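Student: Residue numbers (numbering that gives the first Met the number 0), protein chains in the order written: chain A, 0 to 203; chain B, 0 to 590; chain C, 0 to 300.
Rather than coming from a laboratory, the hints here were simulated on the basis of the structure.
Keep in mind it's a predicted model, so treat the numbers as computed, not measured.
Note that beta-carbon positions come from the ideal geometry of N, C-alpha and C, so glycine has one too.
Hints are supplied without guarantee of correctness; some may be wrong.
Quick list of the computed label-pair ranges, beta carbon to beta carbon [stated by the list, open to error]:
no. : chain 1 : residue 1 : chain 2 : residue 2 : range
1   : C       : GLY36     : A       : VAL29     : 52 to 60 Å
2   : B       : VAL538    : C       : GLY293    : 42 to 50 Å
3   : B       : LEU349    : A       : VAL29     : 39 to 47 Å
4   : A       : VAL29     : C       : GLY293    : 14 to 22 Å
5   : B       : ASN185    : C       : PHE285    : 37 to 45 Å
6   : A       : GLY30     : B       : PRO307    : 18 to 26 Å
Chain C side only, calculated, beta carbon under 7 Å to chain B, not exhaustive [said to hold, decoys possible]:
no. : residue
7   : VAL255
8   : GLY267
9   : MET282
10  : TYR287
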Amino acid sequence: MEIHIFEKLWLGAALLLIVGFVATVAYGAVGAGVQMVDDSGGIVEPETIANGDYDATDQFREPGVYRTGEDQYEVYVVAQQFLFNPGTSEPIRVPAGSTVTLYVTSPDVIHGLKLVGTNVNTMVIPGQVAEATVRFDEAKTYGIICHEYCGSAHHTMAGQLVVVPEDQYNASASTMNVGPDAAPNANAAASVAPAAATAGTGDT
Amino acid sequence: MAHATRDETETGTAASFVSEDSETFVARFPDAARAVRVLFGIAFVALAGGGLFGVIQSLHRTGIYRGFMSSADYYTALTGHGVLMALVFTTFFITGFFKWAVTRSLGQRTVSTRFTWAWVATMTIGTLLATVAILGGLFDFIPASADVLYTFYAPMGAHPTFYIGAALLIVGSWGAGLDYFREFWNWRGDHPDERIPLQTFMTLTTMLMWYIATLGVAVEVVVFLIPWSLGLLAQVDPLLTRTLFWYFGHPVVYFWLLPAYVVWYTILPKLAGGRLFSDPLARIVFVLFLILSTPVGFHHQYVDPGVPEGFKFIAMTNTMFLLLPSLLTAFTVVASIEHGARQRGGEGRLGWLGALPWDNPAFVGCALAGLMFAAGGFSGMINAGMNINYLVHNTLWIPGHFHLTVGTAFALTAMAVSYWLVPQLTGKRLQLHGLAVVQPYLWFVGMTLMSNAMHRAGLASVPRRTAEPQYDQVAFEGVVGGIAEMRWQIAIGGVLLFVSLVAFLAVMLATWLGERGGQLRVNSDIPPALSGPEHSPVVLDNLRLWTLIAVVLVVLAYGLPLFDMVSSGGLFGPGSGPIPVWLSAWLPLPG
Amino acid sequence: MTRSDTKITRRGVLRGTAAGLAATATAGVASAQSAFGDWFSDVSNYEGVVDATGRSEVTVTVGSEANGGNFGFDPAAIRVDPGTTVVWEWNGKGGVHNVVADDGSYESELVAESGHTFSRTFESEGVSLYYCNPHLALGMKGAVVVGNAASDAPSAGTYGGGEGAGGEGGEGAEGGAPEGSNVPLVFQALSGILAGAFALTIGVLGYALGRYNTPEARGEVGPAGAGAPAAELEGEGTATAGAADAVEAAFGRGIVRDIGHDEFDPTGTAALLVGYFLILVLMWVFMYFVEFLGNGPTVIG
Numbered sequence: 000m001e002i003h004i005f006e007k008l009w010l011g012a013a014l015l016l017i018v019g020f021v022a023t024v025a026y027g028a029v030g031a032g033v034q035m036v037d038d039s040g041g042i043v044e045p046e047t048i049a050n051g052d053y054d055a056t057d058q059f060r061e062p063g064v065y066r067t068g069e070d071q072y073e074v075y076v077v078a079q080q081f082l083f084n085p086g087t088s089e090p091i092r093v094p095a096g097s098t099v100t101l102y103v104t105s106p107d108v109i110h111g112l113k114l115v116g117t118n119v120n121t122m123v124i125p126g127q128v129a130e131a132t133v134r135f136d137e138a139k140t141y142g143i144i145c146h147e148y149c150g151s152a153h154h155t156m157a158g159q160l161v162v163v164p165e166d167q168y169n170a171s172a173s174t175m176n177v178g179p180d181a182a183p184n185a186n187a188a189a190s191v192a193p194a195a196a197t198a199g200t201g202d203t
Numbered sequence: 000m001a002h003a004t005r006d007e008t009e010t011g012t013a014a015s016f017v018s019e020d021s022e023t024f025v026a027r028f029p030d031a032a033r034a035v036r037v038l039f040g041i042a043f044v045a046l047a048g049g050g051l052f053g054v055i056q057s058l059h060r061t062g063i064y065r066g067f068m069s070s071a072d073y074y075t076a077l078t079g080h081g082v083l084m085a086l087v088f089t090t091f092f093i094t095g096f097f098k099w100a101v102t103r104s105l106g107q108r109t110v111s112t113r114f115t116w117a118w119v120a121t122m123t124i125g126t127l128l129a130t131v132a133i134l135g136g137l138f139d140f141i142p143a144s145a146d147v148l149y150t151f152y153a154p155m156g157a158h159p160t161f162y163i164g165a166a167l168l169i170v171g172s173w174g175a176g177l178d179y180f181r182e183f184w185n186w187r188g189d190h191p192d193e194r195i196p197l198q199t200f201m202t203l204t205t206m207l208m209w210y211i212a213t214l215g216v217a218v219e220v221v222v223f224l225i226p227w228s229l230g231l232l233a234q235v236d237p238l239l240t241r242t243l244f245w246y247f248g249h250p251v252v253y254f255w256l257l258p259a260y261v262v263w264y265t266i267l268p269k270l271a272g273g274r275l276f277s278d279p280l281a282r283i284v285f286v287l288f289l290i291l292s293t294p295v296g297f298h299h300q301y302v303d304p305g306v307p308e309g310f311k312f313i314a315m316t317n318t319m320f321l322l323l324p325s326l327l328t329a330f331t332v333v334a335s336i337e338h339g340a341r342q343r344g345g346e347g348r349l350g351w352l353g354a355l356p357w358d359n360p361a362f363v364g365c366a367l368a369g370l371m372f373a374a375g376g377f378s379g380m381i382n383a384g385m386n387i388n389y390l391v392h393n394t395l396w397i398p399g400h401f402h403l404t405v406g407t408a409f410a411l412t413a414m415a416v417s418y419w420l421v422p423q424l425t426g427k428r429l430q431l432h433g434l435a436v437v438q439p440y441l442w443f444v445g446m447t448l449m450s451n452a453m454h455r456a457g458l459a460s461v462p463r464r465t466a467e468p469q470y471d472q473v474a475f476e477g478v479v480g481g482i483a484e485m486r487w488q489i490a491i492g493g494v495l496l497f498v499s500l501v502a503f504l505a506v507m508l509a510t511w512l513g514e515r516g517g518q519l520r521v522n523s524d525i526p527p528a529l530s531g532p533e534h535s536p537v538v539l540d541n542l543r544l545w546t547l548i549a550v551v552l553v554v555l556a557y558g559l560p561l562f563d564m565v566s567s568g569g570l571f572g573p574g575s576g577p578i579p580v581w582l583s584a585w586l587p588l589p590g
Numbered sequence: 000m001t002r003s004d005t006k007i008t009r010r011g012v013l014r015g016t017a018a019g020l021a022a023t024a025t026a027g028v029a030s031a032q033s034a035f036g037d038w039f040s041d042v043s044n045y046e047g048v049v050d051a052t053g054r055s056e057v058t059v060t061v062g063s064e065a066n067g068g069n070f071g072f073d074p075a076a077i078r079v080d081p082g083t084t085v086v087w088e089w090n091g092k093g094g095v096h097n098v099v100a101d102d103g104s105y106e107s108e109l110v111a112e113s114g115h116t117f118s119r120t121f122e123s124e125g126v127s128l129y130y131c132n133p134h135l136a137l138g139m140k141g142a143v144v145v146g147n148a149a150s151d152a153p154s155a156g157t158y159g160g161g162e163g164a165g166g167e168g169g170e171g172a173e174g175g176a177p178e179g180s181n182v183p184l185v186f187q188a189l190s191g192i193l194a195g196a197f198a199l200t201i202g203v204l205g206y207a208l209g210r211y212n213t214p215e216a217r218g219e220v221g222p223a224g225a226g227a228p229a230a231e232l233e234g235e236g237t238a239t240a241g242a243a244d245a246v247e248a249a250f251g252r253g254i255v256r257d258i259g260h261d262e263f264d265p266t267g268t269a270a271l272l273v274g275y276f277l278i279l280v281l282m283w284v285f286m287y288f289v290e291f292l293g294n295g296p297t298v299i300g
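Same shape as in the complex, but just chain A (with noise of 0.2 Å):
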């Protein structure tokens, strides 16, 4: 069969292109060390979240910051209709200078979360557990958005995290549970107390 010479310079010209991609793409996983969102986060039942039974499961805590080490903090995220807990009605608090894992699922329906200018950006889908680990240097205040429709309310579906700078971020006060049992003024060093005693690793 014969093939014209442009067209093979070209099929080798886009092959090239092609296996230039996926090298970028690579390098990006490896050198830039980008990693996915995948299952590690684990699973939980719907229902579980709706229900706020944090403690029959494992792979979920109460919605909240907690510190888990020097500069390691992680931050639970229940995403419903139509708020992010925490995020909403108060920002999610965390230092600068620290390294952040965000676990986020969904009692309901399908939610999508991204930090507005960054590139943290993963889906919510109930059942399963999101979990994100993300470095913030500066301080500096995101938007949070939902973008994946969730109902007629979706386009206000909206929160914010808060990157404070180092020496202002006082732990106490913002490292709050702002759950579903928490009184609206909640004593936030009661919740610091459960993150210090379950140093480390998140289970009950």
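Guided by the hints, dock chains B and C onto chain A, whose structure is given.
Tutor: Showing chains B and C alone in chain A's frame:
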């Protein structure tokens, strides 16, 4: 054999391609022509409805004008726009177009008109059911709603008629495929040693890919969603159903793209005044699509929890290789156009571009669609890049991308080829010819404005699928240009597109209402390719072999992930019952 | 910290959105009540204050059908005697709800289950505005009027024990009255003018271009060797004859020469594709290394 219409094996001078029989398609194949007319008619009605929703959306979400409907109703419009444009308009137009292509290239009458009408009716009934369910979101007297968008992710639940309608639409399209195969087998009986005519070859490979692809969504809808919405199933696993959808969701775009390729490969060269550069390369491209289109679905789920990164990486490499047939197409199609331009007297390295028939609406639409596809292909390459997907996932970049591909490469090509084909299907002259000439340019300008702004807004993290992407807590900063300016471009672009759409429909309507008889300005004589199929290996025509390879690749790509999902939570879990999006429950819900 | 500020700000932003032609789409039922400010302006099941005086305990349903789904309190506004206990009872519909006082004085759990209750006894006279946090934006709001406060608020009948007074299926469709009723007249007029202008433009364009004669109708270059120009195709019903037209028909019009397989090298195509290739590479590098990797925090685990 009195025509030079099929892909002959001779090469030679122009004078030998005299068509002895200048009867139009409708005169030679009245039954097929009628079926195609009905299919096109329904397609255009869907296009009109979808387009109306589209212009309303472009004004609403940019905040320019929100008076048509509330923001909650916006999602009904969005569902209507997606379903009517991307499922109804496409499927009806494509099955009609393929019917024409197979009939013309095999040169024989329909085997069984009853069978043809059966699948057309199935598709139509399904469409009506689903459309009524969707419109129930806007009108109270319809006791149903389906504000679930065209991807209908569980656990958001729509009324059962929506799912049943969608299932019937798909089943009808399976009937269409069988129709084309029956024609082919009939022809094969009389021509046991000939190469498959190119248009039929392309149709059959596309339908084979479609059968493999629709398996996923058929299982999702029939096994899971319909029983679940009727209350027979307590819960479904959102991750599993979503994965089954995207198993289908990627190859469906090739179901849309390949018919456009059929036009660009087989009709566009003639419109440009030339001949197809290479028939064998075209066959290779279609075989590649048959093999590679489905095992890539995970690239729509790059940021899904519950799917291991390894599967995502495999999907990424598969997707990157799927670029190859499209890049090859670029060469062959542009070379064919160049051939035509030079036959028309064009000279120079690039000067031949001016010698093309830029006042022929069919040519212009196809050429501009191809040009826009080159840009859309690039944004698709970005989407495919696994980790760079973090930047764009579910932002406005995504609609920016697909309005270039299905919205222009497919839709504009469909409109363009209609200018050429509808006269032959009806026996009537194209009316409002001048308007037809302007329409593709208007579409191109409108789409350029809207899509470039969508891409840039997406880079600023503006979300898609959102009625009011303006939030108190969040400020968007434009990366290139300002947010307000992007909004205006989207709105203006959307309005221009709507005007262009109305122009197209006006031309079609005027033509339909015109008188029969008289001399048409077009015919379906297609000169043979410069390099014909006789120079290519016969194995290319071995459809069984390629289908087998395609199935093996799909099993490899999806077998393990699906097994993984099912084993970690069962077929139905972790999951929940339907969370209804309907106004007043028509059926009792489980739990 | 009251929620009223945030709420009004959000709606204020919606009204004044983007370019000057923005029109508000917030559902509007009755005009704003001076007693409640505009608290109930986007609450579809509000029809006035239901009289629930003379009882020691009053039940309000949480999750009644309103605001485009099950996003309502029923009754939305009630009047009670001082010392009455209000019991909010969830009906299990509409997802998770809570009851949050606008002035912060009480807040329930965020729950979805049917049968869940939250109570509060109201001792002093006054107006207590409350809302459901996740569905505040949809209009899930209510009020408890204690004693003789807000005496100018319209009345909506007597408390009937559970469902009934106001709200239930009142509006049906989401958003209540069509949004057009809230769009200021000037915007409606403007959009009407625009629509008219478009229609006129298309009409004129269509008319003018419909009479445009394409080159082939005016006569055009025929194929080499055929000599005569293309037959007048604009004629009515005249059969055209001759190989020239047939050849032309096969190729479309305007062919001047014949280029066979061995004579054709697509150099123009090659040039275009080289350019395209370069653009692809440049755009990819820009997108990946500048836009993506330079875009701030990224997921690293």
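Student: Just pull the numbers of the violated hints for me, sorted ascending.
Tutor: 5
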